[in-house]
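S.K.: On the provided structure of chain A, position chain B as indicated by the hints.
Which chain is which? The protein sequence lines are A and B, in order. Numbering-wise (the working numbering), the first sequence opens with residue 1 and increments by one. Numbering-wise (the working numbering), the second sequence opens with residue 1 and increments by one.
Take these hints with a grain of salt, some might be off.
[Claimed, not checked] Under the rule of at most 30 Å between Cα atoms (straight-line distance), these lysine-lysine pairs were calculated in the DSS-like manner: (1) K316(A) / K193(B); (2) K203(B) / K310(A); (3) K203(B) / K72(A); (4) K349(A) / K203(B); (5) K203(B) / K366(A).
Simulated from the structure, these hints should not be mistaken for lab results.
This is what each chain is made of:
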Amino acid sequence: MTVTERQQLSYIAAQAADARVNLEIETEGMTLNIGPQHPATHGTLRIVAKLDGEQVVAAEPVMGYMHRGYEKLAEVRTYPQVTTLINRIDWLGSFANEVPFILAAERLMEVEAPPRAQWIRTILFELSRIANITLFLGDMAVQVGAITPVFFAFRDREHVLNQIEAATGGRFHPNFDRIGGLKDDLPAGWVAETRQAMRKIRRFCDEIEELVEGNEIFQARTRGIGVIPPDVGLSYGLTGANIRASGVDWDVRRDSPCGLVHDQVDWKVWTHPDGDSFARFWVRMQETREATKIVDQLLDGIPSGPIMAKVPVIIKVPAGEAYVETENPLGVMGYYVVSKGDLNPFRVKIRSASFSNVSITPWLLKGVYVPDIITILGSLYFILGDIDR
Amino acid sequence: MSRLSSTDAVEADAPATDVEAEALLARLRGALGDAVVESHTDRGAVWVRVERDAWADLAGYLRHEEGFGFFNFLSAIDWMPSPFGRDMDSSVDNVLDPPEPKEAAPTETGVAGGDTRFQLLARVNDVTSGRSIIAKADLPSDDLSAPSWVAVYPGADWHEREAWEMFGIDFDGHPGLRHIYLPGEFEGHPLRKDYPLLARRVKPWPGLVDVELMPETDDGGDAGEGAAP
Chain A
1 MTVTERQQLS
11 YIAAQAADAR
21 VNLEIETEGM
31 TLNIGPQHPA
41 THGTLRIVAK
51 LDGEQVVAAE
61 PVMGYMHRGY
71 EKLAEVRTYP
81 QVTTLINRID
91 WLGSFANEVP
101 FILAAERLME
111 VEAPPRAQWI
121 RTILFELSRI
131 ANITLFLGDM
141 AVQVGAITPV
151 FFAFRDREHV
161 LNQIEAATGG
171 RFHPNFDRIG
181 GLKDDLPAGW
191 VAETRQAMRK
201 IRRFCDEIEE
211 LVEGNEIFQA
221 RTRGIGVIPP
231 DVGLSYGLTG
241 ANIRASGVDW
251 DVRRDSPCGL
261 VHDQVDWKVW
271 THPDGDSFAR
281 FWVRMQETRE
291 ATKIVDQLLD
301 GIPSGPIMAK
311 VPVIIKVPAG
321 EAYVETENPL
331 GVMGYYVVSK
341 GDLNPFRVKI
351 RSASFSNVSI
361 TPWLLKGVYV
371 PDIITILGSL
381 YFILGDIDR
Chain B
1 MSRLSSTDAV
11 EADAPATDVE
21 AEALLARLRG
31 ALGDAVVESH
41 TDRGAVWVRV
51 ERDAWADLAG
61 YLRHEEGFGF
71 FNFLSAIDWM
81 PSPFGRDMDS
91 SVDNVLDPPE
101 PKEAAPTETG
111 VAGGDTRFQL
121 LARVNDVTSG
131 RSIIAKADLP
141 SDDLSAPSWV
151 AVYPGADWHE
161 REAWEMFGID
171 FDGHPGLRHI
181 YLPGEFEGHP
191 LRKDYPLLAR
201 RVKPWPGLVD
211 VELMPETDDG
221 GDAGEGAAP
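So here's chain B without its partners, still in its complex pose:
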């Protein structure tokens, strides 16, 4: 149906988008050279993984050369499998009755790959043509730092403060890395996988069984205890 807006909408045409995406990735490889490690396209979405040192160059190139003027978000992923795993869903008290330690699951990374535990994740858009790109960069565990995007995208300021607070990633060139959500004296980085979710460690999780059992099928023997007389 017709659209009444002043600019034409970009139609989501899958094959055309893929051609466009490949062209964009080719230009990126031309501009950044070997710093582009891996890329991936899926139903119109474009991922690109770059070397950490090229992280700021990537932002500068995308904003100034390609016209990706809109800063969408910046965050990080901790790819380590949670050492607590499913026992977070424990239906018994974990403190009185600690679960058996279990073998860690192998680390798997997602689209566009990854070699390290921590990975930066960011997305920028070009609102005039409707393009967008998701950028990733690996961070070595012994040196969790990356060049800041604030000089290119001022909106990255708060997002980088959040990533610093939640994952402990330093951003070189950020004007002031300080806590954004948590109190100043807070210790630890809550979104890391090895940071325990204390509420789940000390208290049984009532949502473990999504569908509540009917009283007569409950073999606990205390059915009807709380029922009305």
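Just chain A, same shape as in the assembly:
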């Protein structure tokens, strides 16, 4: 795929600007610090941008303000205790963080959750996706100067969070997934209420579509901005909606399913050929709608049966290595778990989506204008906890 004309021109201009700064003839370069406390940074990401006039010559993200050392901490906690930590990686879709780790541990133990647990797991997994991306849909409008949509997002996300809370007891940190199943069964009346919440989310998507997607200013600020060609995106390790917005038809939920029941329902992987900020917004919008459909279908067919497989009270995971990844709200998240047959994992490598997604920014921000930094960062959609771990 070709980079759009606008981006090509901006590259040429950036190179010219680079040369000017180096020779110190016409303009003097300026260093602009964005963050660590900018609303577009979803936490504390700092971008140091070298500017020539309005144009970025080089941009360097600075992370680590929220580094909590989860890989080290996981080595001294028992397997069930690790889920408490990893809840806090992507805090907007916490339940989805637990799933790949639990699946990796189950893989090593050769335990399989009973069907009912797998279905409810998948429902909660998709609910965290909706809760997470709903906020993005509102937040993206804030990046271009529209304030109202984010209030709609906070309002309607609450319907989903209420359902997560009703089932798990936690709005943000469910800590609900267990090796071999789930902590509890669903409360009475939950299915009907969730169906209602899904209807509200679909209405929210229509609302945002009317308010934001067709808006002239929004289109002008996002179309053709921050174009990522598919091969570049892949070599930087981009995943999720970011890579599907570049036309790569790849979704772990469909292509390498592991432990979740997405293959039991009809759904579609959405892609967009443009690869720009608008495409990333558009793909996420469709994904949210698709997720509500997945949840609706799953709610229809939750099998009966136990919620936990037979697992020992004190969990020792047999020695071995397993890597399991799932399609989380922000992209592919995986855990490489090394076990030595002990109570705690020997080593856990956390492959988080945002870390790889943001690693493209030095390449992507070269040549763009200052206001576009904000929309591009917004459209890449990252959570700082998911970068810093």
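M.R.: Okay, now just chain B, sitting in the frame of chain A:
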């Protein structure tokens, strides 16, 4: 059930995958020769361990010849058993009451083997066919360095900075190895097994007993001290 997407999904068919994996490993051996030390397949996952000097060649071959265009992650494993071991879970203060030094457990390595303490770990995917491969390489302790992957996979940049910071592994050809998470003046490599987790060294860990004892079974004698009147 039917899938509505534009490309056909790759079905996870275990025997077929294994045949495919063996074919891939055979091609790798053909391309890299003796540099392929060991390999392992398990339920569709493929591991390959190569000589350190062939680390960059492996990346180049996988990306350009085999079509593994997606860079997944790169990290390292420190196989040394922790010298602190379970005393990290101490329920008493380790500073006032240091534990007895104990004999080190023997070093064991995982799938696809290993001869050294530090081992590189990376994974790349081919998103069109759904294949993936996990690569490993041993690093001798007296020379912790490896060829960089940045020229092949630009996404390896940050991952290598992280491995450099956390394990102290040098990557030859990396454009700028500097701290990514930790402050610039930080000393030590936190993910090495011999780097103590200070919080655990100085403070008892309340999570040692996963299930809290009921007050009446607590033989400490101070049951009910904090209870409401």
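S.K.: Decide, hint by hint, whether the structure agrees.
M.R.: Verification of the hints:
Restraint check: the Cα-Cα separation between K316(A) and K193(B) comes to about 21 Å, which is no more than 30 Å; the hinted pair holds. The suggested pairing of K203(B) with K310(A) is violated, with an alpha-carbon distance near 35 Å, which exceeds 30 Å. With a C-alpha separation of about 16 Å, the suggested pairing of K203(B) with K72(A) holds against the 30 Å cut-off. Simply put, K349(A) and K203(B) have alpha-carbon atoms about 26 Å apart, close enough for the 30 Å limit, and the pair holds.
Between the alpha carbons of K203(B) and K366(A) the distance comes to roughly 47 Å, so the proposed pair goes past 30 Å and is violated.
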